[in-house]
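*Asks:* Keeping their order, the protein sequence lines are chains A and B. Counting from 1, one number per residue, gives the positions in the first sequence under the working numbering. Counting from 307, one number per residue, gives the positions in the second sequence under the working numbering.
Don't read these hints as lab results, they were simulated from the structure. By construction, the Cβ of each residue, glycine as well, lies at the ideal position given by its N, Cα and C atoms. Be aware that one or more of the hints could be misleading.
Unchecked claim - The calculated DSSO-like cross-link candidates involving lysine-lysine, where the alpha carbons are at most 30 Å apart (straight line), are:
(1) A/K254 - A/K264
(2) B/K378 - A/K2
(3) A/K59 - B/K343
(4) B/K331 - B/K343
(5) A/K287 - B/K331
(6) A/K239 - A/K254
(7) B/K343 - A/K6
(8) B/K331 - A/K6
(9) A/K59 - A/K85
Stated by the list, open to error - Which chain A residues face chain B? A few, computed with CB under 10 Å, are given here:
(10) K6
(11) M55
(12) G57
(13) K59
(14) R75
What the hints assert, rightly or not - So, partial list: chain A residues that the calculated Cβ filter (under 8 Å) puts toward chain B:
(15) N3
(16) T10
(17) I11
(18) A14
(19) G50
(20) G131
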Amino acid sequence: MKNEYKVGITILVAIIVGILGYRFMAEIPLFSQTYEVYADFDRVDGVVSGTSVFMQGVKVGSVRRVEFVDNDSLRVDMTFNMDRKLPEGSIAYIRTVQVLDTAIEIERSSSTTMVESGGRIIGRYDEGIMGTVREIGESAGRNIESSTEKLSDVLGRIDLVLEEGGENDIRQTLSGLNNTISGVERILDARGQDIEDSIIHLRNTLQTIDGLTSDQQEQIENIIANLESTTSQFDSVAKEIDELSVELNEVMRKINQGDGSMGKLINDPSLYNNLDSLSYNLNELIKNINENPRDFLKHLRLIDIF
Amino acid sequence: MQVFYDFGRYCQLLYQAIRSSSELKSYYRNFVSEMIKTGYDSLPIVILAGVFTGAVLSIQTSYQLVSALIPKSTIGAIVTQSIIIELAAVISGLVLAGRVGARIATELGTMRVSEQIDALESMGFNSVSFLVVPRVLASFVMFPVLYIAAATTGVGGGLLAGIVTGQVPAADFLLGARTFFLPWDIIFGMTKSIVFGFIITSISCYKGYYASGGAEGVGTATTNATVLSCIFILLADLMLAIILL
């Protein structure tokens, strides 16, 4: 074979293999004409050349090109490797699948008119799971933000306290607490045996009481019965005291009102006044007798006296 | 200083090649025969390298990605992307630096030390258009062909290895490969292969064309051509990744 043939065949085979390989990798039908449609989107997050196109869960094609068009929207060209054409009004949704991967999902309309190759279908951006995740993330972010603000407020206050000499106070408090704890430890060290003894003693006492209680249960029951009967007697005595008290109250009321001899004696001032004047007159009389005994004694005779 | 001298002489040779590239009649026969030697004859080694690279990549990726959270299709995506973007061009470039680069440097070096190039010049032939231009142009045409061969067999090898070892079902492999496939990746890989082809043939031609010192000089020129080609392939790979990605 001449060299020219070899070269020609090699290059031709390489070109054919290259084209077929490219169509195979880009999921373009190897020999048949491709069915292409496009859709316009406002945004195409994650859609690149090669992004898979699904219909009813089956991969039916891939994105060939993404480009800006005049009105700032994005045109996505899709090639399909299926025999059927899409009906007019079919919608292409951009969706996030498997958390990070983006795919286009075609929803067929019920129209009987089909879109020819190179035609247009409706494009919609659907946030899907990532949208929900984003919403949750945003809400969580707000919560974290407010929590952080509160935390920083608290920390600010703590700073303020520390700046205003609170540090020393805290230090003193801590050292005081340390001293107290060490004091308690010392006491426990020194008097530990005593405390243990006390506990043992208390336990013994309680055991004794327990024993006593079980031994003297009958007597205690008797005592309680006696106490009960005594208490009931106390009740009747209390009743009598009550009645007495009522009567006493009545007497006191009468005395206060000035009823009866006792009442008048206490409440009527005339007796007091009489007694007072009598006392005054008696004083005067005694004074006169002391000053002038003769006036009174001249009428007296010793003989008469004896 | 030697570096600048070499670079200057290399640029001069390229300038002469570009200036004489219109003399198609003088190099047509050589051009066809170079395409055979560079492309057609290199196909087996490139296909072999592609199949084994793809297979090894597929097996090792599936060995490393053992996780319930990572779908099997990821292996297909990784293998395909790696081969199309990087390995098909670089592995075939490195293999061809040894195969094509060494051959060109040896051929031209031997012609130089046996004074055949001087004889061509004395007969009024433009030696650059006769010897250098067809080799460099042949690489422009055949390296993309070799890239397509390496990429196709590489992806095929990866797919086959996945099926044979039972690590990746064909459907999963293809799903991943297709999901992350971008036409730009092929353009990028092909651009790389053209650049690598130019690097290999031009450096090898330069080293062979200016070889001196008898048989030993030819050996040195061949070694230098291969080593320099490999180094500049890796450098160009980095530069292209920075510029084009």
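*Asks:* Going through the numbered hints above, which ones does this structure break? Give me the numbers in ascending order.
*Replies:* 2, 3, 5, 11, 12, 14, 20
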